[in-house]
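Colleague: Spelled out, the chains give:
2 protein chains.
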Amino acid sequence: MYPVYPPRLTEEQEEYLLTNLKDWSIAHGLAVRPAPSYVPTETDPSAALATTAPVTLFPSLFPGVCFEQARNVAEAYNELYAAIASDETWLKGIVEELVEIDDFMANLWKVHLKVKEEGYAHAFTLGLFRSDYMVHVDPSEPQPCVRQVEFNTIASSFGGLSSKVSGLHKHLLSIGAYPESLNSILTDSSLPPSTSIPGLARGMAKAHEAYLECAPTLPTCVIFLVQDLERNVFDQRHLEYAVNEHGIRVFRLPFSRVLKDTHVDANRKLIYTPPQSPGQRFEVSLVYLRAGYSPTEYDNEAAWDARLQLERSAAIKCPSVLLQLAGTKKVQQVLATPHSPHLKRFLPDEKQAAAVLKTFAPIYPLDKSEAGMEARKLATNPDSAVRYVAKPQREGGGNNIYRKAIPDFLHSLPESHWPAHILMEMIEPPEQNNVIFRNGETQQGGVICELGVYGACLWKQGDADGKPHITSNFEAGYLLRTKGDASEEGGVAAGFGAVDSVALVDV
Amino acid sequence: MYPVYPPRLTEEQEEYLLTNLKDWSIAHGLAVRPAPSYVPTETDPSAALATTAPVTLFPSLFPGVCFEQARNVAEAYNELYAAIASDETWLKGIVEELVEIDDFMANLWKVHLKVKEEGYAHAFTLGLFRSDYMVHVDPSEPQPCVRQVEFNTIASSFGGLSSKVSGLHKHLLSIGAYPESLNSILTDSSLPPSTSIPGLARGMAKAHEAYLECAPTLPTCVIFLVQDLERNVFDQRHLEYAVNEHGIRVFRLPFSRVLKDTHVDANRKLIYTPPQSPGQRFEVSLVYLRAGYSPTEYDNEAAWDARLQLERSAAIKCPSVLLQLAGTKKVQQVLATPHSPHLKRFLPDEKQAAAVLKTFAPIYPLDKSEAGMEARKLATNPDSAVRYVAKPQREGGGNNIYRKAIPDFLHSLPESHWPAHILMEMIEPPEQNNVIFRNGETQQGGVICELGVYGACLWKQGDADGKPHITSNFEAGYLLRTKGDASEEGGVAAGFGAVDSVALVDV
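Quick mapping for you: the protein sequence lines, in order, are chains A and B. Heads up: the first sequence at position 100 corresponds to 100 in the working numbering, and the numbers run straight through without jumps. Heads up: the second sequence at position 319 corresponds to 319 in the working numbering, and the numbers run straight through without jumps.
Just chain A, with the same shape it has in the complex:
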């Protein structure tokens, strides 16, 4: 489908490209802290070293129609998930199917119930979403389309680095680092900038402004809730600095310190006391979670107490517990189950609903419903299983079971656990190649690209009708993540991800 790309470089071309890539990336903060496998901890005990974030040398090819398709549904997706997170009754039905087999979701739901009992102290919720897609080529269709891989409602990462990597590729183009043979493919207009840094920051600023309407009595701040060790810290810092540009103070709070450094006052305000300045107190307008999304982070009761403390406070959460739950794959599955009535419930606008529907890959439950029983047949038959992937309902990725491995995997589980997974038709992306730079080394070969489109949405909880009143809703830039094609032998290692940007092509 694509032209042959990228071209093989001469030694001098590769040297020029790599030198400029390595210098530009560090000069612009397109960086990560190096992994211990690259730099042993004893070499750098204070963690002052950094290196270029894993990136592709070339922007990957991406059909222009698919890029537009994905961006055009961003606002509809925002609206959809705002509506889902606002419909507690409906969500309850989803969650109840899973609580018995999924402790994490069960515990999140308990947090929600405790706060509900007391009454929610805030009216606004902020969603900073990322809807991830791959290009799907169906030989029977004239054009490729995007199909959704997952929808992230919590800790959607790489928005900071994404703006930088699109800047990197545009810079490399401008300095002639790409061979002239690419002049027809790579142009200033075929490389759209990613506006994720200002976009996501604007979303946070909108939430902060909404909080200010409640007339806070203390100086205010936004809290970035973070993990203790974070190698991807610059991704987060770029967002922080962009929020600062709105005149807003930001503090990074490790999840493990929530109970030490914050408390909820009599008015349910979340009060933050910086450990470096114990005489100061800030009223938290917004808690932006870049932690607390993974079950492994809740390995003690205090972590759940911390999450409850945030949830019951008057600070706006990005996301709330309900919004985090709305991001479960079970929701994606229920929406994408053929002839599901749910989509139009949340998206009454038919045109919007149709556009969203087009991005769904058929998803089946593995339960005992009619669709589920059909899916079980498809999944346990080796001939049909090759077109599918089985995914755990939980967030995080990395535990997917692909194609011919599915039948054996399912048979290794008691049938009662099958519903913890969903079965999804595999997306068949077009083949292409790229070169990934990571840990100071390049690896070349077949790659798979995933396009993420960020969305920012702020809404106020509705009254009896359970409908959100959306006050801000916009698309907020894009991410291209590229990894080695698992089906390749040799070449780029499977799962070896890099940040990338799109070179739009007509197909």
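Think of the hints as simulated: they come from the structure by calculation, not from any bench. Backbone N, C-alpha and C define an ideal beta-carbon position, used for all residues, glycine too. Hints are supplied without guarantee of correctness; some may be wrong.
With beta-carbon atoms standing in for the labels, derived distance ranges [to be verified]:
| id | chain 1 | residue 1 | chain 2 | residue 2 | range |
| --- | --- | --- | --- | --- | --- |
| 1 | A | 46 | B | 370 | 33 to 39 Å |
| 2 | B | 174 | A | 213 | 20 to 26 Å |
| 3 | A | 382 | B | 280 | 53 to 59 Å |
| 4 | B | 412 | A | 40 | 44 to 50 Å |
| 5 | B | 384 | A | 280 | 50 to 56 Å |
| 6 | A | 14 | B | 209 | 29 to 35 Å |
| 7 | B | 96 | A | 42 | 42 to 48 Å |
| 8 | B | 412 | A | 174 | 51 to 57 Å |
The hints should help you fit chain B onto chain A, whose structure is shown.
Modeller: For chain B alone, coordinates are given in the frame of chain A:
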């Protein structure tokens, strides 16, 4: 003279300050490639790691009157050195005194003579200067003043990092990383931003524009002439990217590759052929030297051929050989010798000349002139020597002989070599402390600060009168460099330099 500063930090304050410093610096390219003593080459063979450039945790205190004094003479200094570099007859007199004892200057002069014989092919010269000062406290004077340490006419470094470090300190202030006790000292207005990145880039853009008036026939570019291994590469890259913003292509050319990648055509145009794109040719508008300033770089005849090739070309040089020679300490000495007639020769404006004169520390030759004989007495007598420093005439620094070491040093040399040094009254800076962060470690103690003021000046060679016709002349930002006070025992290691910014104080 200064308030007690900086305050001792609690463990939590230091942690907050350092974490933010480490992250902000990498996110904004305030970085260097790590030294092999920090990261062994085998850990990072492709040199993809970076670390925070050596910086101070706090902006150092600096008297506001001294800062203004140094900035106010920037344009006069530009004019002065443009005039000196344009007066070949006068410079010849200076150089001739040194050629016998200084091969490097002798060889530079030969390059000039060869080009002169053929006739200079260019009319414009660009100076990107840095005049370095220290605050001098004379107990008999009511106010401190600045005294010049040296005047750099070639490869004036740290203009890229300087803008960044002033940005860092302003950021740390804005996020409350400095204790509240400093609120009266550190304010937004007491921390002036350094405009060295846009300032120096604007200087280069002016030269490029001047070249364009000659109607080049090929695509044009600016060449950054660089050393093969450069750990301070980001300092240079920030200038490059700022030049790019003027719509100008920039290539980095290692000094060792001049003869390979460039040639001078029949019209004396300097033609650059990028090794990564051998079919392309660029006409070089400006050669900006960040290499070629040190004798050790000319360890083979080809290096001199390379320098000659650049000099005889029609490209504008920053600096020309004559301008490089004008930067010799001998010139500084001749100007600063009490009652010297030279200053007014080059700076006819009396007010300007008086302002420049005020920045000179008395400087004596060590030759057999009357002033020289007086200086020899001062330098060989241990009692008076303690107020002086002996400096080699050449650029580069690092070989200064201080105070009581001078007599023995001179006696270790044949007297015929004494004139290769000048004797300068020591500047007596006020005491202060700071904390330097370098290679992941902090060191605290007494420090000495050196203020550099950048200047950009473009001129056209005059006709018979030898006077330059200046077409651009402006101050271009500042640098504060801070290093451990050599007189301190323990504390910050002597000579251990860091980039810094000023916190202006009333004294």
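Colleague: State for each hint whether it applies.
Modeller: Hint-by-hint comparison with the structure:
Restraint check, residue 46(A) to residue 370(B): a C-beta distance of roughly 57 Å breaks the suggested window 33 to 39 Å. Evaluation of the 20 to 26 Å hint for residue 174(B) and residue 213(A) yields a pass: the beta carbon distance comes to about 25 Å. For residue 382(A) and residue 280(B), the Cβ-Cβ distance of about 56 Å falls inside the hinted range of 53 to 59 Å, so the restraint holds. One distance hint, 44 to 50 Å for the beta-carbon pair residue 412(B) and residue 40(A), holds here, with the actual separation near 46 Å.
Between residue 384(B) and residue 280(A) the beta carbons are some 55 Å apart, a value that agrees with the proposed interval 50 to 56 Å. A C-beta distance of roughly 34 Å is found between residue 14(A) and residue 209(B), which places it inside the suggested range of 29 to 35 Å. For the pair residue 96(B) and residue 42(A), the beta carbons lie near 57 Å from each other, so the given range of 42 to 48 Å is not met. Take residue 412(B) and residue 174(A): their Cβ atoms lie about 55 Å apart, and the range 51 to 57 Å holds.
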